[in-house]
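Q: Letter by letter, the chains look like this.
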Amino acid sequence: MQYRWNWSVLITDPYLGWLVSGLKWTLMVAGAAWLLALVLGCTVGVLRTLPSAWLRAIGTAYVEIFRNVPLLVQLFLWYFILPELLPYSAGHWLKRDLPLPEYWSAVVGLGCFTAARIAEQVRAGIESIGHGQRMAAVALGLTTAQSYRYVLLPLAARHVLPPFTSEALNIVKNSSLALTIGVLELTGQSRQIEAATFQGIEALTAATLTYVCLTLVVIAVMQTIERRVAISGTMGRT
Amino acid sequence: MSHLEWSIIWRAGPFLLQGLATSFALLILAMFGGIIIGTIIAMVRLSAPRPLAWIAAGYVNGLRSVPLMMVIFWFYLLVPLFIGRSVGAFPSALIAFTMFEAAYYSEIIRAGIQGISKGQMAAALATGMSSLQAYHYVVLPQAFRRMTPVLLTQSVALFQDTSLVYVIGLHDFMTSVSVIANREARLVELYSFAAGVYFVLCFGASRAVKKINDRMAAA
Numbered sequence: 007m008q009y010r011w012n013w014s015v016l017i018t019d020p021y022l023g024w025l026v027s028g029l030k031w032t033l034m035v036a037g038a039a040w041l042l043a044l045v046l047g048c049t050v051g052v053l054r055t056l057p058s059a060w061l062r063a064i065g066t067a068y069v070e071i072f073r074n075v076p077l078l079v080q081l082f083l084w085y086f087i088l089p090e091l092l093p094y095s096a097g098h099w100l101k102r103d104l105p106l107p108e109y110w111s112a113v114v115g116l117g118c119f120t121a122a123r124i125a126e127q128v129r130a131g132i133e134s135i136g137h138g139q140r141m142a143a144v145a146l147g148l149t150t151a152q153s154y155r156y157v158l159l160p161l162a163a164r165h166v167l168p169p170f171t172s173e174a175l176n177i178v179k180n181s182s183l184a185l186t187i188g189v190l191e192l193t194g195q196s197r198q199i200e201a202a203t204f205q206g207i208e209a210l211t212a213a214t215l216t217y218v219c220l221t222l223v224v225i226a227v228m229q230t231i232e233r234r235v236a237i238s239g240t241m242g243r244t
Numbered sequence: 018m019s020h021l022e023w024s025i026i027w028r029a030g031p032f033l034l035q036g037l038a039t040s041f042a043l044l045i046l047a048m049f050g051g052i053i054i055g056t057i058i059a060m061v062r063l064s065a066p067r068p069l070a071w072i073a074a075g076y077v078n079g080l081r082s083v084p085l086m087m088v089i090f091w092f093y094l095l096v097p098l099f100i101g102r103s104v105g106a107f108p109s110a111l112i113a114f115t116m117f118e119a120a121y122y123s124e125i126i127r128a129g130i131q132g133i134s135k136g137q138m139a140a141a142l143a144t145g146m147s148s149l150q151a152y153h154y155v156v157l158p159q160a161f162r163r164m165t166p167v168l169l170t171q172s173v174a175l176f177q178d179t180s181l182v183y184v185i186g187l188h189d190f191m192t193s194v195s196v197i198a199n200r201e202a203r204l205v206e207l208y209s210f211a212a213g214v215y216f217v218l219c220f221g222a223s224r225a226v227k228k229i230n231d232r233m234a235a236a
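Protein chains in written order, with my numbering: chain A, 7 to 244; chain B, 18 to 236.
Keep in mind the hints are simulated off the structure, nothing from the lab.
The reader is advised that the hints may include incorrect statements.
[Stated by the list, open to error] Now the in silico label distances, taken between C-beta atoms and shown as ranges:
#, chain 1, residue 1, chain 2, residue 2, range
1, A, Ala236, B, Gln137, 53 to 63 Å
2, B, Ala174, A, Leu146, 17 to 27 Å
3, A, Ala236, B, Met146, 39 to 49 Å
4, A, Thr203, B, Leu46, 31 to 41 Å
[To be verified] Part of the chain B face toward chain A, derived, beta carbon under 7 Å:
#, residue
5, Phe32
6, Leu34
7, Gln35
8, Leu37
9, Phe41
10, Phe210
11, Ala211
All C-beta atoms, glycine included, are put in the ideal place defined by N, C-alpha and C.
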């Protein structure tokens, strides 16, 4: 098949603007979802290590549910189904009055999905510290809350940074699924350009290279954080 | 909230089952293809001459820095251009998943091979085996035994990912659900049903993997 190359389409108005806007939405979806995933994921991860069997069970149920349903299905549930299941006024608000419902559905969906994976990393991080620190904290007279605040969490935080890097990369990549509920992020915009100009290879190349650059940026940022917080005398490279 | 009508799922049963069969076909074929290509990539990265190993590393890191969605669109666009005629969604989705998963499987397999002690490889070479024979008869059988649980866990993730073929309109389980949901205007019933089916399958599978893992750890 004959393919007509035309790379200049990428810097032509309005297509360059579409790409930039796609990048903006990718960052806004991934960034907001990342904040939600961190807060929720750390909470659920800590729940799974607490002495109370009930709280542990809640944490486990959360992780199993959100890990075993595909992200695409979860996004559809948040976007299409949640407003139907809520009482009439709340559902109506979600569908009609909330600005950018597809954006918020994507953020909440992606955030809750990633939180389950973060929770697993946090749990593993806390468990890897070993029982000795926990018992030492109790022996010092710290309450459970204090032992988490002053002993377990600061140590665990350093253990989980490397897996957090790959979750941060995943959330950027997974934000592409937002296009299925109508958020025109980077992948969605490159498809728009393909549909409008038939220059599919150029459009997809532009989006692909942008993702590669985003990956490199995320890796660089996370490595800087790792280096800043490393405890001297441990195996972490400083 | 309007009245729920679950019988629609029963009536759409055969259509949904056909979709599920497509999902499974995609899973099984991409799993086999991905593991075979992944093994080759891992061996190249560990034992082939430097330039080849760099190319293999570039392939793995490149694919891992791009969303799967992007890869699906790429192959959907490129496969017909290469072959010269349109081939339908299934072959291009299958190639996309195989190539994409090969990158992820290869990392698991590479770690598995690296976990085998160097002495095994050296002993095999000392008995006069070529390095391919050493991989085939000595290193890979041991490595695969150890990494079976991780490979299976990755395959459960692959099964969830097959739902993404929705974006190129291939009639897998997810797309079939969505077709019925929109035709009958029964989104709540069908998408909840889809979530339930995926949950039961993936939760069951990961439980089974955990059992295999525990049995191997005990042995």
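Q: If any of the earlier hints don't hold here, list their numbers in rising order.
A: 1, 2, 5, 6, 7, 8, 9, 10
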